[in-house]
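Asker: Following the hints, complete the assembly by docking chain B onto the known chain A.
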Amino acid sequence: MVSSIGVKALLLAALVAVPFITSSYTAYQLGLYILFGIVGQGIVLCWGKGGFLPMGQALFFGIGAYISGTVLKSDPSWGVVLLAVLLSVLVPGMIAGIIGVLVFGRKIGSGLYFSLITLALSLLGYQLANSQVWLTGGFNGMTGIKGLPGIDSFGSLYFFIIGALVFSTCFLAYLIRTPFGQNLEAVRENEERLQFLGVNTSRIKAAAFAISGGVAGLAGAFFAPHQGIVTPQVVGFILSAELVIWTGVGGRFGLAGPVIGAVLIGFLASGLRDYFSFWEVVVALVFVIIVLRLPGGIAGLAAAYAKKIGMSLDTFRSSPRDEQILSSPTNSQPRLEFKNVSLQIGPVVILDDLSFEIVDRGIHCLIGPNGAGKTSALNVLTGKLAHNSGKITWCGQPLEGMQPFRMSGLGIGRKLQVPSIFPELTIRQNIDIALWVNRLKFGNVLSMRPYRWHKALKDRLERAFPFLIDAEVLAGKLSVGQRQMLDFSMTVLAAPDLILLDEPCAGLSKAETETMISAIADLAKSSKATFIIVEHDMQVVELLSDHVLVMHQGRLLAQGSLEQIRANPEVRRVYAGGSK
Amino acid sequence: MEVFVTFLLNLIYISATLALIALGLAMVFGLLGVMNMAHGEFVMLGAYSVYVVQLAGQHFLWAIPVAIVICVMVGWLMEWLVVRHLYSRPFDTLLATWGVAILIRKGVEVIFTRDYKSVNQVMPGTIDLLGVSYPAYRLLLVALIIVLFVALFTWYQKSKAGLKIRAMVQGPELAAAVGIDTARLSRLTFIIGVSTAGLAGVLLAPLVRVEPYIGLDYLMSSFFILIVGGLGTLEGLLIGSTVIGGTDAIVSTVFDKTAGYMSVLLISILFLWLRPDGIFYRR
Numbered sequence: 060m061v062s063s064i065g066v067k068a069l070l071l072a073a074l075v076a077v078p079f080i081t082s083s084y085t086a087y088q089l090g091l092y093i094l095f096g097i098v099g100q101g102i103v104l105c106w107g108k109g110g111f112l113p114m115g116q117a118l119f120f121g122i123g124a125y126i127s128g129t130v131l132k133s134d135p136s137w138g139v140v141l142l143a144v145l146l147s148v149l150v151p152g153m154i155a156g157i158i159g160v161l162v163f164g165r166k167i168g169s170g171l172y173f174s175l176i177t178l179a180l181s182l183l184g185y186q187l188a189n190s191q192v193w194l195t196g197g198f199n200g201m202t203g204i205k206g207l208p209g210i211d212s213f214g215s216l217y218f219f220i221i222g223a224l225v226f227s228t229c230f231l232a233y234l235i236r237t238p239f240g241q242n243l244e245a246v247r248e249n250e251e252r253l254q255f256l257g258v259n260t261s262r263i264k265a266a267a268f269a270i271s272g273g274v275a276g277l278a279g280a281f282f283a284p285h286q287g288i289v290t291p292q293v294v295g296f297i298l299s300a301e302l303v304i305w306t307g308v309g310g311r312f313g314l315a316g317p318v319i320g321a322v323l324i325g326f327l328a329s330g331l332r333d334y335f336s337f338w339e340v341v342v343a344l345v346f347v348i349i350v351l352r353l354p355g356g357i358a359g360l361a362a363a364y365a366k367k368i369g370m371s372l373d374t375f376r377s378s379p380r381d382e383q384i385l386s387s388p389t390n391s392q393p394r395l396e397f398k399n400v401s402l403q404i405g406p407v408v409i410l411d412d413l414s415f416e417i418v419d420r421g422i423h424c425l426i427g428p429n430g431a432g433k434t435s436a437l438n439v440l441t442g443k444l445a446h447n448s449g450k451i452t453w454c455g456q457p458l459e460g461m462q463p464f465r466m467s468g469l470g471i472g473r474k475l476q477v478p479s480i481f482p483e484l485t486i487r488q489n490i491d492i493a494l495w496v497n498r499l500k501f502g503n504v505l506s507m508r509p510y511r512w513h514k515a516l517k518d519r520l521e522r523a524f525p526f527l528i529d530a531e532v533l534a535g536k537l538s539v540g541q542r543q544m545l546d547f548s549m550t551v552l553a554a555p556d557l558i559l560l561d562e563p564c565a566g567l568s569k570a571e572t573e574t575m576i577s578a579i580a581d582l583a584k585s586s587k588a589t590f591i592i593v594e595h596d597m598q599v600v601e602l603l604s605d606h607v608l609v610m611h612q613g614r615l616l617a618q619g620s621l622e623q624i625r626a627n628p629e630v631r632r633v634y635a636g637g638s639k
Numbered sequence: 007m008e009v010f011v012t013f014l015l016n017l018i019y020i021s022a023t024l025a026l027i028a029l030g031l032a033m034v035f036g037l038l039g040v041m042n043m044a045h046g047e048f049v050m051l052g053a054y055s056v057y058v059v060q061l062a063g064q065h066f067l068w069a070i071p072v073a074i075v076i077c078v079m080v081g082w083l084m085e086w087l088v089v090r091h092l093y094s095r096p097f098d099t100l101l102a103t104w105g106v107a108i109l110i111r112k113g114v115e116v117i118f119t120r121d122y123k124s125v126n127q128v129m130p131g132t133i134d135l136l137g138v139s140y141p142a143y144r145l146l147l148v149a150l151i152i153v154l155f156v157a158l159f160t161w162y163q164k165s166k167a168g169l170k171i172r173a174m175v176q177g178p179e180l181a182a183a184v185g186i187d188t189a190r191l192s193r194l195t196f197i198i199g200v201s202t203a204g205l206a207g208v209l210l211a212p213l214v215r216v217e218p219y220i221g222l223d224y225l226m227s228s229f230f231i232l233i234v235g236g237l238g239t240l241e242g243l244l245i246g247s248t249v250i251g252g253t254d255a256i257v258s259t260v261f262d263k264t265a266g267y268m269s270v271l272l273i274s275i276l277f278l279w280l281r282p283d284g285i286f287y288r289r
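In the order they appear, the protein sequences are chains A and B. Numbers 60 to 639, taken from my numbering, label the letters of the first sequence in order. Numbers 7 to 289, taken from my numbering, label the letters of the second sequence in order.
Source of the hints: derived by calculation from the structure; they are not laboratory data. Since the model is a prediction, treat every value here as computed from it, not as a measurement. Please note: incorrect hints may appear among the correct ones.
Here are a few chain B residues that face chain A, going by a calculated C-beta distance under 7 Å [what the hints assert, rightly or not]:
(1) F66
(2) W68
(3) L100
(4) A102
(5) G105
(6) K112
(7) G113
(8) V114
(9) M226
(10) L271
(11) I273
Cβ-Cβ distance ranges computed for the label pairs, FRET-style [as the list claims (entries may be wrong)]:
(12) B:G39 <-> A:L360: 52 to 62 Å
(13) B:M129 <-> A:R332: 34 to 44 Å
(14) A:R332 <-> B:Y122: 20 to 30 Å
All residues carry an ideal CB built from backbone N, CA and C; glycine is no exception.
Bound-form chain A, shown alone (with noise of 0.2 Å):
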């Protein structure tokens, strides 16, 4: 995305005067690839921020300049028409936004499955267009489409164009910048990560979709009068192709990407079809190698040119953090409760009849000998595996058959045994991601104010991990000991009542371990949290645990304080290797 003013200024100035300085049809055609590129800047939403590609997005273009042929058919008033525009912007949005209700609700990381249904979807189009002939004309397509009230299509139209190119570029510009575009590319880093802190990503990703249906049919409004003739095609596979196509040789990452890829493509297309019979063959064999080779396409090459020669493109954003935002009440009395919990896969039985009960507030370490259980515990109490038999309940609260996200709307928190953080988001966009965790509204999600946002917690963890200082360095290049303390600060800001770490200490240096043990011990000193702390080091255990329950092949095998564990007959026995 380019980003500096001038260079925006200049590049808006040399669209206007194109039909002034080279001829009137040249602009015509323009037009005509710049709506395209306004569709391509839709999928760029989905695809380059969300991660998901839409591959049926002729579809809700089609829709739009079905609609608006309608009602262009019957030489309206301009009251109308802006009725029309709406329409044809509010229709193809809200299909779009329920088929990705449907298609996203149940299944992390569907992407392949959304992508062929969308052009299934563009596939269903296509045949409908052509039989409901009282609704589109059919076949030979709707014809008899005047153009917009006193403008010339030839002529006039073009400047309309431009109007709702700059105005999809600065609503998506803006749209990518809030804290709902942010959360749209931490689905795109890591989709599994953000439902643990409480995100309901499919959520995120249907309003994404529906957005970038509404912009390709408010695209799909202005081809309507342009051609004077909406055809089946319109809606077709053929053109969902061509426009993911111009998108990814353009630059999927960037809202300039598709309509270079489409403007570029579209007049190399008009010049040498007819001359050059495998012309599409090879267009098709640039997309091949872009996608091998080059995934951020011509922009992307652009970008790193310009970077080369030393103009910054990327400007951060850094707004002051001067808005306290209190933690949530907690819970005055933790209740964990595992009742006969089992577990089997396969011939594998990993938790056998497991009950214990948590009541007390502070650090419960859960220790025991490889494949006792102690992962699978949390995995079962957080939904990621389906028990077999037995109940779960926190604070009362049946835990059976939870998605992820909503476990943090009841205050549980869960830290990965490997750590797991949004890559290509810088280390405050990271930690602005777990602060709005539970607090974005509709109301706020697409303002700036979340990123004002401060907690007095955040400045403790700051305290021990210094490098966390609201750094615009990228989350990717952290150290794997850096990366596990990033993770913990995300999931204790996330303001959990019940945290669970999965060994928080893996992969550390010593010094590395002392740190993170004494932020561990300091947090669960100064917050009214519960701490269940899966561990194997016994130097940890040791320093941190006010309670330690021991598992052994899937069943509880003790538990107390860890002089009564030490002292106990059949833990040494377990643990010096004997057998039950």
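Answerer: What follows is chain B alone, placed relative to chain A:
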């Protein structure tokens, strides 16, 4: 009674051909995790082989070796140039194979134009079966498909190569560590997968329209079958084919083709919603 028998035979015929078409994608997507968007294009290449063979005045059966040679060559090239760099990156494979699909489609379009090609009927007669006369070629086709499935399934379960493939699917690193050449095996699986698609194209060519864009329909129906049936089992493939084929056939007869397509699509979305892993899902 006769109507019922005809319907039943039609259902068997439709399910069998769909299962044959989906088989290759089930292998490539189910075993290798590669969502091969060019799957339908291999069916299309198979169908065009029949057209070319008949154009040259040769017997229909020659199309089988021709199609297999073409599919092996194109599949090998595709695996070597594109797919092998992208294993374990499912989203990029989807994109790249999508590009390859367009490339093949446009290539065929340039060579043969977009017109429909007619392929001569093979075995035009009918056979009396359970009181109804049914097209002989369709019955032969069903028999052939059953034989092919049994053979392939036995090979997968009993042969050494099948064992190696199963080992590779369950644990690629371990398989490589015990001396299985996983790169070669993946290529082999990919090539066999696309070749079955080509074979399906040959066998179906006399019954369908032949043009450069038919592949997309086959890709979509294969995909729907895999959604409904789930990945990794033969039962799933067969049930998926029956559900998808049956729904399409019934709804299309009662209403029209568009309604049939719409109902198949709705069933697939419903399955994604209710049973995201399909009917048969092996952990």
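Asker: Against this structure, judge whether each hint is valid.
Answerer: These are the hints, each one checked on the structure:
1. F66: Not OK, violated: F66 (chain B) not within 7 Å of chain A, min 29 Å.
2. W68: violated (27 Å)
3. L100: The hint holds - L100 (chain B) has a Cβ within 7 Å of chain A, the shortest such distance being about 6 Å.
4. A102: It holds, given that the least Cβ distance between A102 (chain B) and chain A is near 5 Å, below 7 Å.
5. G105: holds (4 Å)
6. K112: Holds: closest Cβ of chain A sits about 4 Å from K112 (chain B), inside 7 Å.
7. G113: holds (5 Å)
8. V114: With Cβ-Cβ at 10 Å, over 7 Å, it is violated.
9. M226: With Cβ-Cβ at 5 Å, under 7 Å, it holds.
10. L271: holds (5 Å)
11. I273: violated (11 Å)
12. B:G39 <-> A:L360: 52 to 62 Å: violated (30 Å)
13. B:M129 <-> A:R332: 34 to 44 Å: holds (42 Å)
14. A:R332 <-> B:Y122: 20 to 30 Å: holds (23 Å)
Violated hints, in rising order: 1, 2, 8, 11 and 12; the structure is consistent with all others.
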